[in-house]
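Colleague: One line per chain: the protein sequences are C and L, in this order.
The first sequence maps to residues 1 to 717 in this note's numbering.
The second sequence maps to residues 1 to 299 in this note's numbering.
Don't read these hints as lab results, they were simulated from the structure.
Please read all numbers here as calculations on a predicted model, not as lab measurements.
Some hints could be false.
Claimed, not checked - Just a few of them, taken from the derived set where beta-carbon distance is under 7 Å, the chain C residues facing chain L: (1) ARG31; (2) VAL33; (3) THR34; (4) PHE40; (5) LEU41; (6) ALA43; (7) ARG47; (8) ASN48; (9) PHE49; (10) VAL52; (11) LEU54; (12) THR271; (13) PRO667; (14) PHE671; (15) THR675.
As the list claims (entries may be wrong) - These stretches of chain L come out as covered by chain C in the derived footprint (C-beta under 8 Å, 3 or more residues): (16) 21-27; (17) 59-72; (18) 112-120; (19) 152-166.
Think of the CB as a built atom: it goes at the ideal place given N, C-alpha and C, for glycine as much as any other residue.
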Amino acid sequence: MIQFATPLMLAGAALASAPIIIHLLNKRRFRVVTWAAMEFLLASSRRNFRRVRLQEIILLVLRTLVLLLVAAAMARPFLAGAGRVLGLSQRLAVIVIDNSFSMGYTVGSDRPHDRATQLAEKILDSLNKGDSVCLIAVSERARPVIREASVDLDAVRAEIRRLPLSQGSTNLPAALAMAADMLRSSKLAQKELYLVTDNQRTAWQIRGGENSELNGILRDICSVADVILADVAFDTRENVAVTSLEPLDRIIGKGKADTAFAARVANFGETDQENIEASFFVDGFRQGSTSVSVKAGAAADVSFSYTFHDAVAHSLSVKLKADRLAADDERFLAVDVLESAKVLLVEGKPAQDLYESATGYLQTALSPKADAAFQRSTVYEPVVLQPAELGREPLDKYEFVVLADVDRIDANIAASLEAYVRAGGSVVIFPGDAVDQDNYNTVLFQEGNGLLPAKFAGIRGDPDRSTFTSLAVSPENTHALLKEFRQTKSAFLNLPQVFRYAALEPPQRDDTTVICSFEQGAPALVEKAFGRGRVLQFAFTANDAWTDLPRRPGYLLLMQEVASYVARDRQKGKNLLVGDTVLRDVGPEALVSKITLATPGGSVNLAPTPEANRARLKFENTGAAGVYELKMERDGTTLQDVFTVNVDPAESDLHHIGPEQLRRVFPDFRFRYLTAASGLETSLKDTLAKSDLWKQLLLAALVLMCIESILAQRFGR
Amino acid sequence: MDDDPRKYLDPKVLAKISKLDLKARLIVEGFISGLHKSPFHGFSVEFAQHREYVPGDDTRHIDWKVYGKSDRFYIKQYEQETNLKSYILLDVSESMAYTSDGMTKLGYGACVAASLAYLMLQQQDSVGLVLFDEEVRAFIRDSGHPSHLKLITHKIEETQPEGKTKVRGIFDDLAERITRRGLIIIISDLFVNVDDLLVALRHFRHKRHEVIVFHVLDQYEKTFPFTDLTLFKGLEQYPQLFAEPRTLRANYLEEFDAFVRKVKQGCRQHAIDYVQLTTSDSLEVALSTYLAARMARTK
Numbered sequence: 001m002i003q004f005a006t007p008l009m010l011a012g013a014a015l016a017s018a019p020i021i022i023h024l025l026n027k028r029r030f031r032v033v034t035w036a037a038m039e040f041l042l043a044s045s046r047r048n049f050r051r052v053r054l055q056e057i058i059l060l061v062l063r064t065l066v067l068l069l070v071a072a073a074m075a076r077p078f079l080a081g082a083g084r085v086l087g088l089s090q091r092l093a094v095i096v097i098d099n100s101f102s103m104g105y106t107v108g109s110d111r112p113h114d115r116a117t118q119l120a121e122k123i124l125d126s127l128n129k130g131d132s133v134c135l136i137a138v139s140e141r142a143r144p145v146i147r148e149a150s151v152d153l154d155a156v157r158a159e160i161r162r163l164p165l166s167q168g169s170t171n172l173p174a175a176l177a178m179a180a181d182m183l184r185s186s187k188l189a190q191k192e193l194y195l196v197t198d199n200q201r202t203a204w205q206i207r208g209g210e211n212s213e214l215n216g217i218l219r220d221i222c223s224v225a226d227v228i229l230a231d232v233a234f235d236t237r238e239n240v241a242v243t244s245l246e247p248l249d250r251i252i253g254k255g256k257a258d259t260a261f262a263a264r265v266a267n268f269g270e271t272d273q274e275n276i277e278a279s280f281f282v283d284g285f286r287q288g289s290t291s292v293s294v295k296a297g298a299a300a301d302v303s304f305s306y307t308f309h310d311a312v313a314h315s316l317s318v319k320l321k322a323d324r325l326a327a328d329d330e331r332f333l334a335v336d337v338l339e340s341a342k343v344l345l346v347e348g349k350p351a352q353d354l355y356e357s358a359t360g361y362l363q364t365a366l367s368p369k370a371d372a373a374f375q376r377s378t379v380y381e382p383v384v385l386q387p388a389e390l391g392r393e394p395l396d397k398y399e400f401v402v403l404a405d406v407d408r409i410d411a412n413i414a415a416s417l418e419a420y421v422r423a424g425g426s427v428v429i430f431p432g433d434a435v436d437q438d439n440y441n442t443v444l445f446q447e448g449n450g451l452l453p454a455k456f457a458g459i460r461g462d463p464d465r466s467t468f469t470s471l472a473v474s475p476e477n478t479h480a481l482l483k484e485f486r487q488t489k490s491a492f493l494n495l496p497q498v499f500r501y502a503a504l505e506p507p508q509r510d511d512t513t514v515i516c517s518f519e520q521g522a523p524a525l526v527e528k529a530f531g532r533g534r535v536l537q538f539a540f541t542a543n544d545a546w547t548d549l550p551r552r553p554g555y556l557l558l559m560q561e562v563a564s565y566v567a568r569d570r571q572k573g574k575n576l577l578v579g580d581t582v583l584r585d586v587g588p589e590a591l592v593s594k595i596t597l598a599t600p601g602g603s604v605n606l607a608p609t610p611e612a613n614r615a616r617l618k619f620e621n622t623g624a625a626g627v628y629e630l631k632m633e634r635d636g637t638t639l640q641d642v643f644t645v646n647v648d649p650a651e652s653d654l655h656h657i658g659p660e661q662l663r664r665v666f667p668d669f670r671f672r673y674l675t676a677a678s679g680l681e682t683s684l685k686d687t688l689a690k691s692d693l694w695k696q697l698l699l700a701a702l703v704l705m706c707i708e709s710i711l712a713q714r715f716g717r
Numbered sequence: 001m002d003d004d005p006r007k008y009l010d011p012k013v014l015a016k017i018s019k020l021d022l023k024a025r026l027i028v029e030g031f032i033s034g035l036h037k038s039p040f041h042g043f044s045v046e047f048a049q050h051r052e053y054v055p056g057d058d059t060r061h062i063d064w065k066v067y068g069k070s071d072r073f074y075i076k077q078y079e080q081e082t083n084l085k086s087y088i089l090l091d092v093s094e095s096m097a098y099t100s101d102g103m104t105k106l107g108y109g110a111c112v113a114a115s116l117a118y119l120m121l122q123q124q125d126s127v128g129l130v131l132f133d134e135e136v137r138a139f140i141r142d143s144g145h146p147s148h149l150k151l152i153t154h155k156i157e158e159t160q161p162e163g164k165t166k167v168r169g170i171f172d173d174l175a176e177r178i179t180r181r182g183l184i185i186i187i188s189d190l191f192v193n194v195d196d197l198l199v200a201l202r203h204f205r206h207k208r209h210e211v212i213v214f215h216v217l218d219q220y221e222k223t224f225p226f227t228d229l230t231l232f233k234g235l236e237q238y239p240q241l242f243a244e245p246r247t248l249r250a251n252y253l254e255e256f257d258a259f260v261r262k263v264k265q266g267c268r269q270h271a272i273d274y275v276q277l278t279t280s281d282s283l284e285v286a287l288s289t290y291l292a293a294r295m296a297r298t299k
């Protein structure tokens with residue numbers, strides 16, 4: 001069916017009457033000749049009459065047609081059902097609908113999601129019988145709703161109406177790659193891609209001003225299909241979201257007073273937000289609230305604290321007063337509260353007097369039992385072993401391992417330590433007079449490939465303790481381990497005297513970092529990321545042999561921070577984003593009898609999948625944000641675990657990307673751009689017209705003009 | 001050039017002169033001046049003049065008396081006896097009023113008629129005039145008197161073109177009325193039924209008349225050069241025609257040529273001299289044709 005993009009121009013069709021008017025005017029403007037040889041003229045006219053009339057009519061029709069065609073071309077006609085009329089085959093429309101949670105932004109009773117589904121239905125309306133449709137929902141995991149092109153438009157319509165607003169983020173590259181596959185594999189001649197989205201900048205995953213991979217995908221798409229980008233976003237972008245909720249310490253112990261949590265509240269909008277109420281929940285119960293003010297484009301931290309009284313998994317959440325985009329106003333956190341966290345201290349210099357030994361101060365710093373006031377605030381339980389016992393001890397159960405002045409490490413132990421760190425454990429190494437530096441360099445450093453972050457290069461300093469150096473921790477340091485030593489607190493580390501220290505030569509590697517140095521620049525603490533764990537290497541002793549730090553309060557703080565820094569990240573596997581997959585080892589399969597998972601949407605029963613000699617639990621349907629509680633019967637006891645699923649904070653940033661920017665970033669992306677402002681449905685109607693006909697019409701007009709000239713010449717002769 | 005008498009043979013020049021008898025004289029004088037050593041000089045029975053003998057002249061005409069007096073050879077020239085009787089039939093129908101360049105066919109025909117009459121009278125021939133359209137509008141009996149020219153030219157001048165041309169009855173009638181054998185000169189555009197025309201001409205021939213047909217046409221009638229949309233108003237009660245001339249041209253020329261061809265053929269069949277004149281042609285053609293015919297007649 002022919003429609004017109006600029007129907008007003010059709011008024012130009014009135015031009016078509018011009019030849020007729022000219023003809024009529026000419027009839028009135030003529031010469032009068034008094035003619036004598038009339039007889040011959042009349043005879044000629046009688047002979048000519050029919051032929052001339054015919055020729056005149058032909059010319060008139062041609063001239064009128066030319067003008068009609070030109071006027072029609074200017075009205076930019078298109079064939080809505082172009083394919084069939086032009087003798088082409090049917091078309092394929094791949095509709096990609098963004099159903100990420102940002103599409104739930106509510107203004108009044110309108111949401112981009114509603115606009116998107118309505119528009120998608122309009123797209124369906126524009127299709128003809130026989131055209132086929134693919135449907136892709138863009139959220140964290142791009143989901144092909146209809147993968148095989150369907151000709152059943154009613155079924156597609158039902159799918160579109162059913163299409164839920166997800167809590168996922170926008171993964172455009174995945175969705176577009178999927179669309180590109182669909183378009184490429186289709187044999188239909190005419191293909192269209194409709195991308196219906198709120199067009200967030202973050203969705204395009206532009207890094208450093210470009211995304212060449214996505215550009216490639218877009219180029220592929222544009223080479224086979226016409227792209228229509230329908231922007232259904234609102235003009236307003238005000239949004240406040242909780243973008244993170246974290247415990248300040250990695251290890252949370254039962255009974256530790258006021259375990260602190262920090263929630264980050266970000267204001268993605270353009271106006272400052274005053275006194276936003278933020279409430280704090282533990283296990284679903286409201287514990288209190290605070291109010292926070294956030295400037296436009298900035299973020300503010302809100303902290304809460306809570307004392308856990310039982311060592312089980314708990315869930316926490318921070319919730320803001322709902323704004324227009326409610327999905328990101330609450331954030332969840334699952335934590336394991338531990339009875340205690342075992343730490344293995346390998347004692348290289350056993351002594352009668354606790355503080356003579358290499359680990360004495362460390363034991364006290366990690367677990368200050370002597371003082372009842374401190375007992376409640378620490379969770380670490382140091383276990384001290386001799387180096388000889390190390391080989392027999394399974395390391396898995398320890399949060400981390402400390403080697404303090406251990407003279408030699410044999411290859412077997414080095415291998416088991418490596419395996420331990422690779423699996424997520426951590427090792428802290430202190431030097432001492434007993435340490436065989438060559439042995440460490442050979443077995444542990446391995447030219448930078450081993451566990452040891454830096455090569456030992458002798459001992460510097462004054463054995464007589466008459467001269468000393470100090471740590472040089474900048475008040476502005478940013479390292480996470482030194483977070484308690486910022487500003488004036490840096491004095492806790494800078495005042496103590498260091499008389500001797502091991503010279504450390506860290507290699508230039510990405511995985512190796514110098515955390516702090518001595519005053520003259522020699523490294524004092526070096527870190528290496530290894531596998532899923534990390535290794536810390538100090539340049540001074542854990543006891544007071546080389547420094548007076550252990551006798552100062554800074555030592556306690558530093559060691560607590562070190563412990564917190566290197567302890568296993570227990571929250572990592574428990575706090576997921578929407579769309580992530582839950583994986584749990586549930587022990588020997590035979591012992592597991594019943595597993596139920598309470599999700600925000602309801603309870604489901606799960607069966608573990610057997611894998612070697614143990615069973616694994618896999619749960620992929622994490623589409624809803626919230627708290628998930630896992631209960632399983634094992635060995636006759638009920639085990640309970642909690643994990644949480646959160647929305648992706650990147651999706652909360654509603655900043656928009658305009659068509660010009662898109663074209664700049666993706667030079668190969670050619671698309672037609674529709675916005676809500678321009679009246680989506682009308683502009684869709686305009687744009688749907690994929691088969692513009694104006695070129696053909698102009699060409700036809702040109703041909704007709706040529707024919708007209710030739711005929712006029714011939715007739716006139 | 002201004003005093004070159006031959007310029008009066010050009011119709012464009014003639015058009016500026018209004019008096020027909022003056023025209024006739026100018027034409028003929030211009031024509032004669034071009035007839036230097038022409039074989040058409042007449043010989044009369046009555047003495048006209050002497051001329052010096054040149055070798056090759058007929059010795060019969062040497063005036064011996066003059067030779068005796070002057071010891072020179074002179075040839076005696078005589079005025080020829082008037083024995084040719086001519087009738088000029090001039091078409092004054094409406095169609096003769098057509099012109100494309102100022103000189104109407106009738107104007108041109110009038111010049112031809114008047115100058116022929118003058119020439120004839122100069123040569124002692126007697127000439128008569130018939131003006132006709134669908135009927136005889138004027139009939140002047142033939143006479144050889146020089147003052148006859150005045151009568152003829154006056155008659156032509158006072159006639160306005162009107163009416164249809166019709167030859168059949170008129171020519172038959174004339175053929176009967178002109179009893180003595182003579183020269184019939186017809187000046188017309190011949191826009192009549194060709195068959196009727198040929199029948200009428202045959203009637204003249206049957207009465208042993210010599211017939212010369214001067215077919216006077218306008219240049220535009222022969223070429224039909226119109227391009228613009230034109231309303232053709234028919235003369236002689238033809239209906240008008242609104243037409244795109246370009247589309248008609250080919251057929252028109254075809255029709256017209258067929259007509260001319262048919263007239264020509266018919267004339268040749270009956271040994272009639274057919275001379276086509278266009279109003280832009282020099283009048284010399286007409287006069288030469290007449291003289292050639294007269295030579296043939298008197299020899």
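Colleague: In ascending order, which of the hints set out earlier in this document are inconsistent with the structure?
Modeller: 9, 11, 12, 13, 14, 15, 16, 17, 18, 19
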